[in-house]
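Q: Need the complex rebuilt from these two chains, each delivered in its own frame; the hints are there to steer you.
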Amino acid sequence: MKPSKPVLVLSTILSANLLATSAYAIGENKVPVKAMADALHTVVDSDRSIYTRKVVNRLVKKEKVIKASEYFDDDKALPLPAQMFRMGAEHVAKRIASNPDVNFSYSLQSIWPINKQNAPKTPAEKEGLEFIAKNKGKNFYTEEKLGGQNYFTAIYADTGVAPVCVSCHNKHKDSPKTDFKIGDVMGGVVIRIPIDG
Amino acid sequence: MFTSDNKTYWLIWTLLILISLAYFSHKLWFDNDKTVFMPGELSNGHHQIGMSCDSCHKNAYDNQDQILESCIECHGDNRQKPFDSHPRSKFKDPRNADRLVKINALNCISCHSEHQPAITQKNGLTQARDFCVHCHAGIADERPSHEGMAFDTCASAGCHNYHNNRALYTDFLIKHRDEPELLSSRTLPKRVFADVLDEVANYPHDRYPVQALSLSDIDKPLTVETSDQIKQDWARSAHAKMGANCSACHIPLNEDGGAANWTNQPELNACTQCHGAEVKHFKRGKHGMRLQVGLPAMTPALARLPMKAESHGTELQCNSCHPAHSYDLVDAAVEQCLSCHNDEHSLAYKQSAHYAAWQQEQSGQLPAGSGVSCASCHMPRASYDVSEWLNRIMVQHNQSASLKPNTKMLRPVCMQCHGLEFSIDALADDKLINNNFQGKPTLHIQSMDMAKREHLRHSTGEQSDD
Chain G
1 MKPSKPVLVL STILSANLLA TSAYAIGENK VPVKAMADAL HTVVDSDRSI
51 YTRKVVNRLV KKEKVIKASE YFDDDKALPL PAQMFRMGAE HVAKRIASNP
101 DVNFSYSLQS IWPINKQNAP KTPAEKEGLE FIAKNKGKNF YTEEKLGGQN
151 YFTAIYADTG VAPVCVSCHN KHKDSPKTDF KIGDVMGGVV IRIPIDG
Chain U
198 MFTSDNKTYW LIWTLLILIS LAYFSHKLWF DNDKTVFMPG ELSNGHHQIG
248 MSCDSCHKNA YDNQDQILES CIECHGDNRQ KPFDSHPRSK FKDPRNADRL
298 VKINALNCIS CHSEHQPAIT QKNGLTQARD FCVHCHAGIA DERPSHEGMA
348 FDTCASAGCH NYHNNRALYT DFLIKHRDEP ELLSSRTLPK RVFADVLDEV
398 ANYPHDRYPV QALSLSDIDK PLTVETSDQI KQDWARSAHA KMGANCSACH
448 IPLNEDGGAA NWTNQPELNA CTQCHGAEVK HFKRGKHGMR LQVGLPAMTP
498 ALARLPMKAE SHGTELQCNS CHPAHSYDLV DAAVEQCLSC HNDEHSLAYK
548 QSAHYAAWQQ EQSGQLPAGS GVSCASCHMP RASYDVSEWL NRIMVQHNQS
598 ASLKPNTKML RPVCMQCHGL EFSIDALADD KLINNNFQGK PTLHIQSMDM
648 AKREHLRHST GEQSDD
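In order, the protein sequence lines correspond to chains G and U. The numbers in our numbering rise by one with no breaks, and the one at position 172 of the first sequence is 172. Quick note, our numbering runs 197 ahead of the 1-based positions in the second sequence.
Calculated directly from the structure, the hints in this document are not laboratory data. Keep in mind that the hints are not guaranteed to be accurate.
Claimed, not checked - For lysine-lysine, the following DSS-like pairs were computed, each having C-alpha atoms within a straight-line distance of at most 27 Å:
{"hint": "1", "chain 1": "G", "residue 1": "Lys76", "chain 2": "U", "residue 2": "Lys255"}
{"hint": "2", "chain 1": "G", "residue 1": "Lys145", "chain 2": "G", "residue 2": "Lys94"}
{"hint": "3", "chain 1": "U", "residue 1": "Lys224", "chain 2": "U", "residue 2": "Lys372"}
{"hint": "4", "chain 1": "U", "residue 1": "Lys505", "chain 2": "G", "residue 2": "Lys116"}
{"hint": "5", "chain 1": "G", "residue 1": "Lys116", "chain 2": "G", "residue 2": "Lys62"}
{"hint": "6", "chain 1": "G", "residue 1": "Lys67", "chain 2": "U", "residue 2": "Lys372"}
{"hint": "7", "chain 1": "U", "residue 1": "Lys387", "chain 2": "U", "residue 2": "Lys417"}
{"hint": "8", "chain 1": "U", "residue 1": "Lys477", "chain 2": "G", "residue 2": "Lys126"}
{"hint": "9", "chain 1": "G", "residue 1": "Lys94", "chain 2": "U", "residue 2": "Lys649"}
{"hint": "10", "chain 1": "G", "residue 1": "Lys94", "chain 2": "U", "residue 2": "Lys255"}
{"hint": "11", "chain 1": "G", "residue 1": "Lys177", "chain 2": "G", "residue 2": "Lys134"}
{"hint": "12", "chain 1": "U", "residue 1": "Lys605", "chain 2": "G", "residue 2": "Lys116"}
{"hint": "13", "chain 1": "G", "residue 1": "Lys94", "chain 2": "U", "residue 2": "Lys477"}
{"hint": "14", "chain 1": "U", "residue 1": "Lys477", "chain 2": "G", "residue 2": "Lys116"}
What the hints assert, rightly or not - Simulated restraints, written as ranges between beta carbons of each label pair:
{"hint": "15", "chain 1": "U", "residue 1": "Asp646", "chain 2": "G", "residue 2": "Pro194", "range": "39 to 49 Å"}
{"hint": "16", "chain 1": "U", "residue 1": "Leu526", "chain 2": "G", "residue 2": "Gly147", "range": "30 to 40 Å"}
{"hint": "17", "chain 1": "U", "residue 1": "Val298", "chain 2": "G", "residue 2": "Ala39", "range": "37 to 47 Å"}
Said to hold, decoys possible - If you only want the chain G side, here are some residues facing chain U, beta carbon under 10 Å, derived:
{"hint": "18", "residue": "Glu90"}
{"hint": "19", "residue": "Lys94"}
{"hint": "20", "residue": "Thr142"}
{"hint": "21", "residue": "Glu144"}
{"hint": "22", "residue": "Leu146"}
{"hint": "23", "residue": "Thr153"}
{"hint": "24", "residue": "Ser167"}
{"hint": "25", "residue": "Pro176"}
{"hint": "26", "residue": "Pro194"}
Glycine included, each C-beta is placed from N, C-alpha and C at the ideal position.
One chain only, chain U, in its complex shape (with noise of 0.2 Å):
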């Protein structure tokens, strides 16, 4: 029966449903922010493009395969490149099929699921840690020092990572036994941009050919004024020497190739036309990816690692680390990086020995590449595909793509000065991290003794004892 009192309950309750259904539609379709929709809370690795949904959502319901898509355009390079020992394509191999019912090992969220804060683990894992299991039960059988290995060990530091399985094995491990704690030479090899400019296929040759320029060749209009500062720091920079004028970055070229009007203020665009392979690096970092998925650029307010409370406001474009007209690397590498960051690691480098000799080699006492800066490790100097065809040594600006799991720092970092033991033994203690690498590893992990073994077993043709 309909009564004044039920009456008065049904108004109440419909009004309550036509207030959220207008409140969920605005957010649905009018409001960027569509995080009251969020399942649960992203990653580390996600949470800066939380606002931006259709970045893996490109479909309000799609189904895994669509979602991995999304993950590939992302993350594809870095899943390929170096290697990728667990390929889709062998998954796609039918006589695979038996071990896609234990783990679909053909879609990424399989293993790192988003929206999923109680069971995330390091590196974004939602799966179990023991998931070699399924495919490697045998492996004592043709690697006896394996013999009663717990499987949720195989990813401990120094050992297996499951995208790139050729980063250590036996041979490299052999090949680099015995090395001391600091090699005898010890450098970062040279960036290579000026010397392979021939051949960078989208590099403006046309209207910024090779040359250096002096004051006497600014271009930039009469009406636009400048001081003596800038034209000066453009002249000592490396653009004044390869002959990028004032022109190259402040009149930067439409998207239909055309020259756009003068701007006080370049933006991305402007540095994508010569520095593409960086700038395409950057937007997959954490510094950049808000710019990638069309978003404001990152700020440090929206890290999850402590930041300088003074820094909280810094947009993160190109220029906040290379400021203009200077562009001074020195500057870039160190003191641009602890402007913002503040964590326990951060702050304990300049009492580190990566610090002493990084002012070392900035004071000309050691020779060029052999500081360690902030970039040296974060950013390494690697070779890199900068096409399909062609690759450089350049800076990886994509200082995300090291860390996670951090034995990738391993070959491109470390082994440019540590010997291999040492550095798998210190990457893996994280007292030693956060303090900035003062003093010695205070944990041991069994690799190269692995691999020692099993090669004198292999060259003396002894059976194991293991």
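Okay, chain G solo, but in the shape it has when bound (with noise of 0.2 Å):
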């Protein structure tokens, strides 16, 4: 489905706008903030496909040597894809505590979340999740206030792209959602990076 002209022209604004007011220092040179988060979302995003490509499917489904389960300690098993991004969310976090130059964050998130910690809770969440579901192929860009602070809000689609990503959700108990198709828009992953203003 196109999207339609009004959000096109929105999104073109707001665009450019953030290119305009915000960027990332990294020493002399200034990056633009939402070339940062696409890069930051590039890296995550193919680091996560690689895991879940060459260890996961190729040793559970290709070679079926183990398992990869949601309890990887107790069962001796892979960390699912979506844990291992979570995993690496979690130690940028306390890498980022003691190193200040650096700062942004990252979360995998989901309007049909299993763990449902992980549902949207800001307003920008809640818009760009929808906007990403509704609108395949686009990402979305925003700003907002948490806790005092600005953030530039960036939220990409995360797609099922193997059919095990799928039918785990779907026979999933706590999945709200059971019906996912491959190709489907399954959550969205959220970056923020602190901006001034």
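A: Now the structure itself:
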């Protein structure tokens, strides 16, 4: 479905505005904050994709030598790709605490979350996750103020690429949606970068 | 007007101020005992180290972040492993900023405030017990079985633990449903120190290669006198079997790595050379925490639990429970504990089925690891990370680590021999704990029933009637 004209105009204006006003400082140079968020998303998404394909799918589905499990400690199994992603996000949060020059956070959320704590919470998350679910292939960018700090918030679609992504969510006892199909947007990656103002 | 009467008062007043100033200055700068400045009694967890203010307060006017560093220094490992359900990193996420306004979950002291005896509850909690409601008020929407439950019951035995919520979860409960009270296979895991020595990076392989030694190998200097008993004890010990000669303990390495002089009374540093992980755990627990902060060793006289009068002067070091040179692990696992501990639970142990099994193991009627000593429960054998990259089954020498909440004992201790549901009920029953598990639990915790109902609801696709 093509996005409506007002949406396109609005998102263009919004992006231009953000590009003009916000930048992420690295030494003497400034990286536009949107480019920074896009770059971060490219990295975390690629890492997860490689983990999903070259580790989990290869060893679980093709070689059949190990299981992947939500309870990977108890089951002595591989963490699920989404868990790997979250562990990375928490590790980043820990490392950032001792490196104030680098500051961003990211999380995996969904309007159909298995763990309800991963449902959208802020108005921007709610709007963004609805937007990416309805506008396939489009990202959502905005600004929001949380805890007295302004953030540039970018939300990227998280799509069910492998049969196992879809089947696991569809049959999980805590999943509120059980009719996902391959290629559906199942959630979103939310990246936040603090900005001045 | 300065009359002779009020001149006297002024003199007395000035004198009192000067005396107070001198007294408090002396306490502050010259006396090790600074408890006069303590704003309130310390909790059971920290009372031993009250003389060492700077263990927690690194600086005079610490802010919460600096206090936090002190908490993490001692408690960090136990918070992160095996799993931390509410890590600080989760609350650092800006999307949780509104939650921090309700409870600042970034700081330990938000829930575990010290010097507050009037509001300190079980497990050192000083936060209202319904704190879960701030983030999980809608739990009944996703878990219909929780409908109508009060939020001060979340942490009831067998249910949730804020720091490790993965200890018990629905699928785990279901996996262990319908287990009998007593499992058919009941043995503790074997310790594997000897098997992994090659991988222990800080083991002094060069000085003490793994090889069995005999009496003829003894390397003590000729000038040092010893007895036949000591020699025989050593020859029968694991030390002799693994290549640890007299010099290993009596000539320990200095901090700079050079050999010190012979000492007749080896201290903790001697043990640390090979048993660093055990010593680290020991110094984290109530037996060794005073040594961790540089205070004289703990003695039973300082304990808040009842201790035997004749033990009051015993200084707790490795050798207190592992007397040289036999290092008898059987003795260390029961008799050494009971030589000090004098509470109801300890005194009832020798009438318990656990002790009967221990005796049967020692007499060869039961296989190794199937008896239940004090150490079996309070110093569980489990897999611990001994470095960033290596773990091994070892005895947890921080006997406090699995005590609070006691459901931490479920997996490494109770479930080695008992069914999960029985274990949960037993740990919730204070009377049963006090009489050292003589009898059956008189309480029943609902968690298994709830898990079964949830499971049934999901597997049949039915709507809950909870």
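Q: For every hint, state whether the structure bears it out.
A: Evaluation of the provided hints:
A distance of roughly 41 Å separates the Cα atoms of lysine 76 of chain G and lysine 255 of chain U; the hinted pair therefore is violated under the 27 Å criterion. With a C-alpha separation of about 22 Å, the suggested pair lysine 145 of chain G and lysine 94 of chain G falls inside the 27 Å cut-off, and the hint holds. The straight-line distance between the Cα atoms of lysine 224 of chain U and lysine 372 of chain U is roughly 59 Å, outside the 27 Å bound, and the hint therefore fails. At roughly 52 Å between alpha-carbon atoms, lysine 505 of chain U and lysine 116 of chain G are farther apart than 27 Å, so this suggested pair is violated.
Between lysine 116 of chain G and lysine 62 of chain G the alpha-carbon distance is near 32 Å, which puts this suggested pair outside the 27 Å criterion. The suggested pairing of lysine 67 of chain G with lysine 372 of chain U holds, with an alpha-carbon distance near 17 Å, which does not exceed 27 Å. Distance check on the hinted pair: lysine 387 of chain U and lysine 417 of chain U sit about 32 Å apart at the alpha-carbon level, beyond 27 Å; violated. Of the pairs offered as hints, the one joining lysine 477 of chain U and lysine 126 of chain G is violated, with about 47 Å between alpha carbons and a cut-off of 27 Å exceeded.
Proximity of lysine 94 of chain G to lysine 649 of chain U is assessed by CA-CA distance (about 37 Å); at most 27 Å being required, the pair is judged violated. As the CA atoms of lysine 94 of chain G and lysine 255 of chain U are separated by approximately 22 Å, the hinted pair is consistent with the 27 Å bound. Under the criterion of a C-alpha separation no larger than 27 Å, the hint pairing lysine 177 of chain G with lysine 134 of chain G is consistent with the structure, at around 16 Å. In summary, the hint linking lysine 605 of chain U to lysine 116 of chain G is supported, as the alpha carbons are separated by about 26 Å, within the 27 Å threshold.
The hinted pair formed by lysine 94 of chain G and lysine 477 of chain U meets the criterion: a straight-line CA distance of about 24 Å does not exceed 27 Å. The hinted pair formed by lysine 477 of chain U and lysine 116 of chain G fails the criterion: a straight-line CA distance of about 39 Å is larger than 27 Å. Range check, aspartate 646 of chain U to proline 194 of chain G: Cβ separation about 47 Å, and the 39 to 49 Å hint holds. One distance hint, 30 to 40 Å for the beta-carbon pair leucine 526 of chain U and glycine 147 of chain G, is violated here, with the actual separation near 53 Å.
For the hinted restraint 37 to 47 Å between valine 298 of chain U and alanine 39 of chain G, the CB-CB distance of approximately 32 Å leaves it violated. The interface hint given for glutamate 90 of chain G is met, as the beta carbon of that residue sits about 4 Å from the closest beta carbon of chain U, less than 10 Å. A hinted interface residue such as lysine 94 of chain G counts as satisfied when its beta carbon comes closer than 10 Å to some beta carbon of chain U; here the least separation is about 5 Å, so the hint holds. Contact between threonine 142 of chain G and chain U, as hinted, is not supported at the beta carbon level, the nearest pair being about 13 Å apart and thus beyond 10 Å.
Annotation: glutamate 144 of chain G was flagged as interfacial toward chain U, and the flag holds, the nearest CB pair being 8 Å apart, inside 10 Å. Evaluation of the leucine 146 of chain G hint against chain U yields a held restraint, the C-beta minimum of about 4 Å falling below 10 Å. Restraint check, threonine 153 of chain G versus chain U: the minimum CB separation of about 9 Å is within 10 Å; hint holds. Hint on serine 167 of chain G is violated. Least Cβ distance to chain U is approximately 16 Å, over the 10 Å limit.
Given hint, proline 176 of chain G at the interface with chain U, holds; its Cβ is 9 Å from that chain's nearest Cβ, closer than 10 Å. Evaluation of the proline 194 of chain G hint against chain U yields a held restraint, the C-beta minimum of about 8 Å falling below 10 Å.
Checked against the numbered hints given earlier, this structure breaks hints 1, 3, 4, 5, 7, 8, 9, 14, 16, 17, 20, 24; the rest are met.
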